[in-house]
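Undergrad: Which chain is which? The protein sequence lines are A and B, in order. Under our numbering, residues 131 to 562 are what the first sequence spells out, in order. Under our numbering, residues 163 to 559 are what the second sequence spells out, in order.
Hints in this document: simulated from the structure, not taken from any laboratory. Bear in mind the structure is a predicted one, so any value in this text is a computation, not a measurement. Don't take each hint at face value.
Ranges of calculated distance between the beta carbons of each label pair, as one might list FRET restraints [what the hints assert, rightly or not]:
hint, chain 1, residue 1, chain 2, residue 2, range
1, B, E383, A, D429, 55 to 61 Å
2, B, E287, A, I412, 41 to 47 Å
3, B, D432, A, D429, 55 to 61 Å
In silico SDA-like cross-links for lysine to any residue, where the CA-CA straight-line distance does not exceed 25 Å [claimed, not checked]:
hint, chain 1, residue 1, chain 2, residue 2
4, B, K503, A, E419
5, A, K387, B, Y192
6, A, K415, A, R440
7, A, K387, B, E488
8, A, K460, B, Q190
9, B, K243, B, K254
10, B, K387, B, K439
11, A, K415, B, D278
12, B, K179, A, R432
13, A, K433, B, K179
14, B, K496, A, R384
15, A, K408, A, I283
16, A, K304, A, D362
17, A, K387, A, K532
Backbone N, C-alpha and C define an ideal beta-carbon position, used for all residues, glycine too.
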Amino acid sequence: MRILMFTWEFPPLISGGLGIACYGIVNALLKRGHQIYLVLPTKEEVFFPLTEIEDVDKLPVQFLNHQKNVEYLRKVFKKEEERFDYIGMTRFPESYFSIEDNKFFLLRSKILFETSYEEILIKQINYGQLSENNLFRKVAEFTGRAQRYAKTIEHDIIHVHDWLTYPAGIIAKKVSRKPLITHIHATEFDRTGGIGDERIHKIEYAGMQLADSVIAVSKYTSEMVIDRYRIDTKKVYIVHNAIMKRKIKHEKDRIFKGPTIIFLGRITIQKGPDYFLKAASIVLKKHPESRFIMAGSGDMERKMLYQSARGRLLHKFLFTGFLNRDEVNKIFSASDIYVLSSVSEPFGIAPLEAMSFGIASIISKQSGVSEIVKNALKVDFWDVNKLAESINFLIENPEERKELGLKGKREVEKIAWDSAALKIEEIYRRLL
Amino acid sequence: MINILFYFQVHQPFRLKHLRTLDIGTNQDYFDDKKNRDIIKKIAEKCYIPTNTLLLKLIEKYHGKYKVSFSITGTAVEQFKLYAPEILESFKELSRTNCVEFIGETYYHSLAFLFDPDEFLEQIEMHKEMLLSEFGYSPVTFRNTELIYQNRIADYVWETEGFKIIIAEGADRILDWRSSAYAYKDYRKNLTLLLKNYKLSDDIAFRFSNKGWKEYPLTVEKYVKWIEEISDTEKMGRELFINLFMDYETFGEHQWEDTGIFKFMEKLPDVALKTKKIKFKTPQDVLSLVNYQQESLSYDKFVSWADMERDLSAWYENDMQKNALESLSYILRKIKDEGKKDLLPIARKLSTSDHFYYMCSKYFQDGDVHKYFSPYNSPEQAYIYYMNAIADLEERF
Numbered sequence: 131m132r133i134l135m136f137t138w139e140f141p142p143l144i145s146g147g148l149g150i151a152c153y154g155i156v157n158a159l160l161k162r163g164h165q166i167y168l169v170l171p172t173k174e175e176v177f178f179p180l181t182e183i184e185d186v187d188k189l190p191v192q193f194l195n196h197q198k199n200v201e202y203l204r205k206v207f208k209k210e211e212e213r214f215d216y217i218g219m220t221r222f223p224e225s226y227f228s229i230e231d232n233k234f235f236l237l238r239s240k241i242l243f244e245t246s247y248e249e250i251l252i253k254q255i256n257y258g259q260l261s262e263n264n265l266f267r268k269v270a271e272f273t274g275r276a277q278r279y280a281k282t283i284e285h286d287i288i289h290v291h292d293w294l295t296y297p298a299g300i301i302a303k304k305v306s307r308k309p310l311i312t313h314i315h316a317t318e319f320d321r322t323g324g325i326g327d328e329r330i331h332k333i334e335y336a337g338m339q340l341a342d343s344v345i346a347v348s349k350y351t352s353e354m355v356i357d358r359y360r361i362d363t364k365k366v367y368i369v370h371n372a373i374m375k376r377k378i379k380h381e382k383d384r385i386f387k388g389p390t391i392i393f394l395g396r397i398t399i400q401k402g403p404d405y406f407l408k409a410a411s412i413v414l415k416k417h418p419e420s421r422f423i424m425a426g427s428g429d430m431e432r433k434m435l436y437q438s439a440r441g442r443l444l445h446k447f448l449f450t451g452f453l454n455r456d457e458v459n460k461i462f463s464a465s466d467i468y469v470l471s472s473v474s475e476p477f478g479i480a481p482l483e484a485m486s487f488g489i490a491s492i493i494s495k496q497s498g499v500s501e502i503v504k505n506a507l508k509v510d511f512w513d514v515n516k517l518a519e520s521i522n523f524l525i526e527n528p529e530e531r532k533e534l535g536l537k538g539k540r541e542v543e544k545i546a547w548d549s550a551a552l553k554i555e556e557i558y559r560r561l562l
Numbered sequence: 163m164i165n166i167l168f169y170f171q172v173h174q175p176f177r178l179k180h181l182r183t184l185d186i187g188t189n190q191d192y193f194d195d196k197k198n199r200d201i202i203k204k205i206a207e208k209c210y211i212p213t214n215t216l217l218l219k220l221i222e223k224y225h226g227k228y229k230v231s232f233s234i235t236g237t238a239v240e241q242f243k244l245y246a247p248e249i250l251e252s253f254k255e256l257s258r259t260n261c262v263e264f265i266g267e268t269y270y271h272s273l274a275f276l277f278d279p280d281e282f283l284e285q286i287e288m289h290k291e292m293l294l295s296e297f298g299y300s301p302v303t304f305r306n307t308e309l310i311y312q313n314r315i316a317d318y319v320w321e322t323e324g325f326k327i328i329i330a331e332g333a334d335r336i337l338d339w340r341s342s343a344y345a346y347k348d349y350r351k352n353l354t355l356l357l358k359n360y361k362l363s364d365d366i367a368f369r370f371s372n373k374g375w376k377e378y379p380l381t382v383e384k385y386v387k388w389i390e391e392i393s394d395t396e397k398m399g400r401e402l403f404i405n406l407f408m409d410y411e412t413f414g415e416h417q418w419e420d421t422g423i424f425k426f427m428e429k430l431p432d433v434a435l436k437t438k439k440i441k442f443k444t445p446q447d448v449l450s451l452v453n454y455q456q457e458s459l460s461y462d463k464f465v466s467w468a469d470m471e472r473d474l475s476a477w478y479e480n481d482m483q484k485n486a487l488e489s490l491s492y493i494l495r496k497i498k499d500e501g502k503k504d505l506l507p508i509a510r511k512l513s514t515s516d517h518f519y520y521m522c523s524k525y526f527q528d529g530d531v532h533k534y535f536s537p538y539n540s541p542e543q544a545y546i547y548y549m550n551a552i553a554d555l556e557e558r559f
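So here's chain A without its partners, still in its complex pose:
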């Protein structure tokens, strides 16, 4: 099948789990012989035609504009970074149009909108262009191009990931009349741990209403979608995420002599870093030899830094800042206990990765991943004392800790993207 796929993140340019999940899905779909035309928030109007398995890493580029494509093909790039620079692919896509440039582009596009959901969506997007918020403007621009992509690229199905690309998916569907699948990796409720941004809710709502099928990454998320957005249960499917097999084996490579406990992810309210910090301050009283690492970056990073300092956790609670893939592997190799403290985690690939390193893991019950793994300790995110007790238990019982790690490792090795791809393929077939 020929799949037109819109997503906001894809390796090597990722900030979180979305890019990693998309990579896993695309890779497994390519293995099953599908062709994927990937559209990312690049500055230039390009897409990535992926037909061979290797393409998932090679990321061949095609410009929509013929002349520009000819120029691109003539260029020689010394490094991959140069090529990505050329097409304007950055980790944090920024708006590159002025507000005047793209005012009400949808009004000009002469697309006829028939349903009230479409109206909701278009309103949000048109306002978005005038927004001071760079992300909204970027989404508006991304959406504005969808029409051209849908016209140029031959496809059988449209598959979009998270709200940032839902409006683009709707536009594409209007142009090509092909079935649309919205894949939900996280809702605004998860990200904000509460109410969130109304505009995003509206986009999520309209996007899922207009989709032919909705894929949720867990039962936890499907319930959220059905409860909060009143999406028809018949069109909601659960496809759990998985992890890629690691090519390089990483041996344990300690940083600290003492037991090392790690938080890894974006430092945002969704991930519950404050619960991790509170548990750390309890554990450190009993086990001053332990070391806590908060790995990642995010809007709560400074707050966590100040809180750890105010708690006088000395040099026993450290911050790594943003880590790239290699560094994540290194930090996992140095860790004994992994904690997922998320307030609301639709899935959670990071705990699977941690477990694949044989790290004993403690996982928030408010997560999708806790539905599918057995060999991990599970706690409610808010139960800081229970979390601290669990960490203490694993520190004090190294044999049990090793066993839990080993069992967890064996368990997650069986969780592969292939079975996820099979399910996705089945959902595609039903729509054709």
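Chain A is already provided as a structure; the job is to place chain B on it using the hints.
TA: Okay, now just chain B, sitting in the frame of chain A:
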């Protein structure tokens, strides 16, 4: 008579590398050799060498009538030896004129008095030994890091052999209606206390090139006139002391050469000495000059010469600074308890006050100054690198 006492602080910290958590345990040197070398070389060229040359010329020209005093930290001397030995040589040349007084302090320009009096006294001893071996000099004047002062510090210094004078910031809240132009005693009347004239000091150190200042441009004549006006208020013939204390980097670094700062300094003794009322002295001369009963002043709270607040807040206010200092204190104690002598100089380099200054998160005006002097992008970054260094140090046990 009125006496100008110049005192210049010469200090360079060992700046830290951008140490990451993943660097811990990889046997890294914590200090940024390249950055430290570049900075020393740059300041040598812009400030140390030309200013030393100028001072030497003035001292020779005025045959003992022009004098200055320095406090040079151990970390500065170590880096001169590593990166620019000619600077140390030129200070030695100055010291041979006998018109230069060297002032004692902690070797590491540290905040040790805040958390460990023993460490504080040990670092003072180290500095004395350094002055003796490098310059053949035994100091009688003490000044604490960044002029941080409090009664307790006077007590410690009094216990240390040789010190008779201590210098501090002439903060309004201590002086009240008094003038910094008189010599005082500390609260127990043990040490002579000399206080910085912050107005006249900052006129040179901060305002000299400020075009928005109503006195700009500052001419030597105008400046000397201000000093004379102070002496006019003294009707009983008491000796007055105008204590001009500042960073040595004022000359050529903070105030660039094109501001005319060197010309100002060159002309100052000429105009001042012609008045026949003004002399140039150093702190130790005060002991024999003072011709009145010195009033004792009590400093209960910390004062310093930093920022608008003139207190400890530049180094010890936010939680990052406090947590970092506690971590340092912890590691120093552990090193001493377990006799890890090889780790001691490294931990002590981390006691230098600048590391805490970089973590200062006060905004507004002073934040800008901190930013100017910081090798890092933010106080949080400075804190992260520092804490990684301390964490690494503990893994070396």
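Undergrad: Next step is simple, just say for each hint if it's right about the structure.
TA: So, going through the hints one by one against the coordinates:
no., hint, result
1, E383(B) to D429(A): 55 to 61 Å, "57 Å, holds"
2, E287(B) to I412(A): 41 to 47 Å, "42 Å, holds"
3, D432(B) to D429(A): 55 to 61 Å, "60 Å, holds"
4, K503(B) to E419(A), "22 Å, holds"
5, K387(A) to Y192(B), "20 Å, holds"
6, K415(A) to R440(A), "15 Å, holds"
7, K387(A) to E488(B), "21 Å, holds"
8, K460(A) to Q190(B), "17 Å, holds"
9, K243(B) to K254(B), "13 Å, holds"
10, K387(B) to K439(B), "11 Å, holds"
11, K415(A) to D278(B), "24 Å, holds"
12, K179(B) to R432(A), "21 Å, holds"
13, K433(A) to K179(B), "24 Å, holds"
14, K496(B) to R384(A), "22 Å, holds"
15, K408(A) to I283(A), "51 Å, violated"
16, K304(A) to D362(A), "21 Å, holds"
17, K387(A) to K532(A), "16 Å, holds"
Going down the numbered hints, you'll see the structure goes against just number 15.
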